[in-house]
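Dock chain B against the given chain A, drawing on the hints supplied.
Single-letter residue listing:
Number of protein chains: 2
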Amino acid sequence: MSKFEEKCIKKETIFEGKIIKVERDTVILPDGKKAIREVVRHPGAVGIVALIDNMILMVRQYRYALAKETIEIPAGKIDQNEKPISCAIRELREETGYQGKMTFLGLFNTSPGFADEVIYLYLAHDLIWSPLATDEDEFLGVVKLPWNDAVEMAITGQIQDAKSSLGILLANRFLNSSQIFAK
Amino acid sequence: MSKFEEKCIKKETIFEGKIIKVERDTVILPDGKKAIREVVRHPGAVGIVALIDNMILMVRQYRYALAKETIEIPAGKIDQNEKPISCAIRELREETGYQGKMTFLGLFNTSPGFADEVIYLYLAHDLIWSPLATDEDEFLGVVKLPWNDAVEMAITGQIQDAKSSLGILLANRFLNSSQIFAK
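Taken in sequence, the protein lines are chains A and B. Sequential numbering from 1 applies to the first sequence in the working numbering. Sequential numbering from 1 applies to the second sequence in the working numbering.
Quick caveat, the hints were computed from the structure, so don't treat them as lab data. This one's a predicted model, so the numbers in the text were calculated from it and none came from an experiment. Everything hinted at is true.
Quick list of in silico lysine-lysine cross-link-like pairs, DSS-like style, CA-CA up to 25 Å:
#, chain 1, residue 1, chain 2, residue 2
1, A, 7, B, 68
2, B, 7, A, 68
3, B, 77, A, 33
4, B, 18, B, 83
5, A, 11, B, 18
6, A, 77, B, 21
7, A, 68, B, 77
Chain A on its own, in the form it takes in the complex:
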């Protein structure tokens, strides 16, 4: 058991939405005092670094929470009872029209201070055209970027989306150490 553990003594559900659930819990701290913890519960998500012809497929979309358009790797939240790998295959088809072989790159917490969201990152390669309809409340455009440019943008901090930067850097390392693509 962690010596820093915080024990919940009162759970209060503030909001149950379509995507997130918000809780306001009272906890006992290691020194015996009480504190409040605000927690966002999220079903988890996937992000996919998809490569075709030495280009990466990125998605341009409006992010309401940020009040602006972003360019990110294809991504989406995991449906109930869906496996992360199935979600990655589905999201890539929905958002870009492509299906491919998936290599797992890692699992990450996005905002451990207030949310339980985890994101599973994948590399998708050997892509074939196999579209699925996008969600009806989702509007987006696909952008192709030269892979080397994307890596340079990620490593110099020019990609403002954490999962996209991290996914690109991990995929780059994997590709440099594997035989997936002929050099």
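Using the frame of chain A, we list chain B on its own:
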């Protein structure tokens, strides 16, 4: 203006907490239909890659949202009217006891699908001992890791915290291309 823009027609504040604010907004989509957007408003945060004697200073703490102990780079949320750089200096002193020169590595969105949180990442170097008291509801321990091990762990996906992995990878690139440390 973005052709994907979503216009808010109704704002509903669900929760105003100590750290987060939760909204449930009704928006008009590009095709004229309505949709609901659940948004977590967050004041923003900083994360610091702090190096001393070829070691990185990491923080071990209990993350209530994840119900487990994690090892992350020192980090914390930005206080009202606080500049990100001032927050980085304060958080590093509070969590590790050290103060140093700060180099900005980049600004990232952590969860653009449901939150407006941004995180500013810094590299801290030339550290001197200059402690500040930690927050009274914060319990943590400092862990030193050899820098090369941390880089290897980040690049192979063994660090499960997105900001920590990304910060380490960006700092590594910066150090390899700068004159801060003699080789």
